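Turn these sequences into a full structure, and let the hints steer you where they fit.
Protein chains in written order, with the numbering used here: chain A, 1 to 190; chain B, 191 to 442.
No wet-lab data here; the hints were simulated from the structure.
Small disclaimer: the values here were computed from a predicted structure and weren't measured.
Any given hint could turn out to be false.
[As the list claims (entries may be wrong)] So, partial list: chain B residues that the calculated Cβ filter (under 7 Å) puts toward chain A: (1) Y234; (2) G235; (3) E236; (4) L237; (5) N289; (6) A291; (7) K369; (8) L372; (9) L381; (10) V382.
We put the beta carbon where it would ideally sit given N, CA and C, even for glycine.
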Amino acid sequence: MKTIAVDLDDTLNNFTQTLWETPFAYHERYAVEPGAFGEYLDRLRTQPLAVEALLSTEFAYFRAKIHLECYRRAEARADGIAFMQWLKREGWRIVICTHRDLRTSYDATRTWLADNGIPFDYIFRAGNKIVFCKLWGIDILVDDNLFNILYGGQHGVRVFYPVNDQNRDVQGGGARGFETFDQVRPWIAE
Amino acid sequence: MDRRVALIKTFSRGLPTDRVKLEVSAYGFEFLSQLRIRGIQLEYGELTLSNVLHKYKLTNLTESQLDELLEWHVAKLCNVCLYFDRRANSVFSFNLDNNYAQGGSHLIPEVQIAVRTLVERLNEVNCKLLVVASGRGYHVWCRLATAVPNERLYPFMVHAAAGSLLVLQQRGLDTNNMKFNLYPDIRIQDLVSLRLFGSKHAKNHVFSCILDGEVLLDEEASWAYFEDYVENRAVPLDTFNSAYDTLVKFPP
Chain A
1 MKTIAVDLDD TLNNFTQTLW ETPFAYHERY AVEPGAFGEY LDRLRTQPLA
51 VEALLSTEFA YFRAKIHLEC YRRAEARADG IAFMQWLKRE GWRIVICTHR
101 DLRTSYDATR TWLADNGIPF DYIFRAGNKI VFCKLWGIDI LVDDNLFNIL
151 YGGQHGVRVF YPVNDQNRDV QGGGARGFET FDQVRPWIAE
Chain B
191 MDRRVALIKT FSRGLPTDRV KLEVSAYGFE FLSQLRIRGI QLEYGELTLS
241 NVLHKYKLTN LTESQLDELL EWHVAKLCNV CLYFDRRANS VFSFNLDNNY
291 AQGGSHLIPE VQIAVRTLVE RLNEVNCKLL VVASGRGYHV WCRLATAVPN
341 ERLYPFMVHA AAGSLLVLQQ RGLDTNNMKF NLYPDIRIQD LVSLRLFGSK
391 HAKNHVFSCI LDGEVLLDEE ASWAYFEDYV ENRAVPLDTF NSAYDTLVKF
441 PP
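Below, the structure written as structure tokens:
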């Protein structure tokens with residue numbers, strides 16, 4: 001059976017745009033002092049890839065709460081929905097492959113997929129999606145992540161990525177960028 | 191049934207048996223098909239890079255299927271992690287761990303002091319504990335004779351944990367260096383699971399032995415201790431209520 005792995009955030013949805021444009025207001029559910037709220041939100045928006053020395057912190061809890069809201073609020077790409085429905089009709093096995101912590105976001109993720117009519121067979125969290133695809137025999141990965149764009153090809157994983165400001169000028173890796181999901185349909189048949 | 195499985199089932203009585211987090215090296219779509227054929231549902235999977243370990247949240251398990259997984263668990267072929275009941279539980283646990291994201295595979299003084307003070311504090315109020323060394327930390331379990339509502343267990347655990355952290359602070363140690371997770375946690379009901387005693391830790395592949403005082407028992411002695419704990423050391427409800435009053439209602 002043909003199998004494809006597809007990322008969620010900034011691939012099927014507009015996660016980063018949602019993070020920047022949602023007017024988050026202070027609430028005690030974030031478990032931070034009012035004075036820290038704005039600073040944390042700014043840090044979350046401007047340093048999305050910052051590596052933290054500690055695992056469990058006030059900021060990590062805050063980030064998880066804000067991200068969960070973004071998962072719920074983010075809009076699905078219309079061409080992405082059509083692409084996923086086309087995959088299903090064509091008999092593909094669809095694996096949603098994400099960095100999300102599914103322990104806390106599984107329900108929100110599943111609800112969002114259902115609400116947007118996005119079919120899938122399995123949901124997996126993978127720290128390294130290339131390793132995941134190799135182990136599971138998945139040749140095709142649709143993902144915006146720069147690491148996967150650069151290194152997927154070296155490991156036999158064909159990566160297709162939505163072009164954005166971060167990856168527009170990427171060279172090498174053998175991955176192919178797309179403006180619309182419609183472009184991907186013939187590519188994965190090659 | 192393996193005697194060890196029977197002990198684990200007695201220990202974990204009251205925890206949901208229809209769902210588990212399974213930690214195992216097995217993977218692949220054929221593996222998932224076998225689960226599905228047997229009526230087991232996969233909510234989601236996870237690939238961690240710790241020895242290429244796969245984790246699966248499985249639901250819709252029958253009791254005999256869980257028994258089978260527990261047989262694998264004691265045979266060290268997988269780890270079975272159970273979820274806690276949404277309303278009330280007759281076991282609760284503290285998970286004390288190193289909080290460093292990188293290079294934190296060793297036991298740090300903060301965790302060692304915290305587990306010691308936690309055990310001392312709960313022993314003082316007659317709550318008998320089962321302390322299991324787990325990776326770079328400890329699972330500190332307590333088994334009750336009767337299920338207690340989570341709304342009562344949680345503040346009890348918070349106060350006990352806070353007492354340990356206070357000792358760290360008084361000794362000039364940084365409490366941020368360690369994590370103190372509580373099970374069940376009323377904030378994240380039904381979302382997190384905890385590995386049962388009786389198997390190897392997924393990261394270091396070492397059997398999780400029991401700590402008896404300052405002595406880490408070997409595997410055989412750990413099972414003997416576990417058997418005694420399960421059979422003789424469940425905390426009666428009135429003892430727990432008294433401990434609750436001491437720690438929560440009238441803290442020192």
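| Of the hints stated earlier, which fail here? | 8
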